[in-house]
Structures are given as structure tokens and as C-alpha cells.
Amino acid sequence: MHKAACKALFDRQAGFAPALLVERGWEVFTSEFPTLDVLFTSAGRVPLRVKMGCADWNELPPSIGLLDRDGNYLLAVPRDPAGIFNPSVHPSVGRPFICMRGSLEYHIHPSHVNDPWEQLRGKSGYDLGGILTQVWRAWKKAQP
Amino acid sequence: METAAAVRTVEVQVVTTSGVYPAHGTDKEPINHSVMKALEKAQKELDIADTTNWIATVGGTEIDPAKTYAENHLSGQVKIDWGPREGGGGKEVWPSA
Chain A
1 MHKAACKALF DRQAGFAPAL LVERGWEVFT SEFPTLDVLF TSAGRVPLRV KMGCADWNEL
61 PPSIGLLDRD GNYLLAVPRD PAGIFNPSVH PSVGRPFICM RGSLEYHIHP SHVNDPWEQL
121 RGKSGYDLGG ILTQVWRAWK KAQP
Chain B
1001 METAAAVRTV EVQVVTTSGV YPAHGTDKEP INHSVMKALE KAQKELDIAD TTNWIATVGG
1061 TEIDPAKTYA ENHLSGQVKI DWGPREGGGG KEVWPSA
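Quick mapping for you: the protein sequence lines, in order, are chains A and B. Position one of the first sequence corresponds to residue 1 (the numbering used here), numbered consecutively onward. Position one of the second sequence corresponds to residue 1001 (the numbering used here), numbered consecutively onward.
What the hints contain is simulated information worked out from the structure, not anything from laboratory work. Using N, Cα and C, we set each Cβ at its ideal position, and we do this for glycine too. Hints may contain errors.
Cut-off 27 angstroms, straight-line C-alpha distance, at most; resulting in silico cross-link-like pairs (DSS-like, lysine-lysine) [said to hold, decoys possible]: (1) A:K140 - B:K1079; (2) B:K1067 - B:K1037; (3) B:K1067 - A:K141.
Residues from chain B shown here face chain A by an in silico Cβ test under 8 angstroms; the list is partial [as the list claims (entries may be wrong)]: (4) V1015; (5) T1017; (6) V1020; (7) D1050; (8) T1051; (9) T1052; (10) N1053; (11) K1079; (12) G1083; (13) P1084; (14) R1085; (15) G1087; (16) G1089; (17) G1090.
Chain A residues, not near chain B, derived (Cβ > 10 angstroms throughout) [claimed, not checked]: (18) G71; (19) V89; (20) L132.
Can you make the complete structure from the sequences, with help from the hints?
Set out below in C-alpha cells:
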């Protein structure tokens, strides 16, 4: 996919309304192609920064980094009931990762190569906001 | 003639990652209307193609869009957060990961 097309799609999907940001406690660090970098906040919880690398959006799903507020990659991740936050070291990126359909780390993991992104691309819940929403919901259900 | 209870309204705003409906302020909805009516308006106005597997929450609590505002114990100003439910983690999809 041409980079200009990737950027155009990214720009259409990565601009969130201020009312949504307030409602969800999201702080956008950057939404400039190819990076969507958002901090999740909530009273009584340790904030989580989610950095989505979208250079090939949506030919490929976003690579999702999990960071602290200051931008350091997490060595330990929250534990959620569904197991979306995977505490093990990903064989390619070498860090804990988001093990959920819609994250690059999931689709390139040796255990999930039979679940290709092509089956999800463009479907409900798998635009940038949808993927970010799913990670946010998992975070909300995780141990604080 | 409608009773006083029948004309009671709530002030509704729907927020999604695709935008907010209405863009400014709120819509007045009868308290005995289903929440789904407002979601359908939002879907149309925000040009959201597919809402399969989406959930609606108010104040962090999931509500049932098929029920009325009253049945969902909602009144006054109601901000509905609408978006996809989180998917299963790798452990659910593929036990080996």
C-alpha cells in the first residue's frame, strides 16, 4: 500500500474528539503518522501508555508498544482476565506484548500465524480507534 | 393524554472513536425510549459502517441498549461511551501462546 494512502487512512482514524478523550481519560501524546501514542489514565490506576506504530496501516496491523508515562517500555505488564496483556517476551520484539487480534505482535507470533490479519482488516472494531478501545477495555479490567 | 412520566426526558450524547453525536450539546430523548434509538442515530450521523460486537457503557458500567433509559436506571445527562468489546487474548484464541 502506498505510504500516502496509509497516511490518509491513519489521519482519518487517529483524530479523536475531545469529549471522548475526557470521557475515557485518554491523553494523546502524538497522533502524527505513523505513530498514535496515547496515555490511559483512571483514578486509582497506574497510567498506561500505548504507542501504536502504524507505518503500514492497514496493510498490516499496528505494532503496539506498552510504556510507562515517561516513555519507558514496560518489563512487567498488567494482568487481565482475557490474557490480552502477555507478560512473556515476544520472540520478535523481545518485550511483553499485546496478544490480541489486531496487534502486529499477535499476528506474527508463531502461535498465531494461522490467524491472519487479512481476515480482520476493515472489519468492525479493527480500525485504529477500535483496536485502541479494545486494549483500553482490557486495561480497565486488569489489576491496577 | 400523556402522563408526566411519559414525557420525562434525558439529555444524551454518544461518544465513539469515530466522533461524537450530537457534535455539540445533547439530544433530548424520552426516558421510555430504548437506548438503541440514540445509538442508531449516532451510527448514521457518524457514518459508522458496522457495530458488531460493540458495547455501550455509561460511567464505566455496561448498559443494555435494547432497554429504555429508565430500565437502565439512567436519568438527567447521559453520556454513552460506545465501541467494540475487547477481543479474547491469545490464551483464549490459541491455548499455546
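Hints breached by this structure: Failing hint: just 20.
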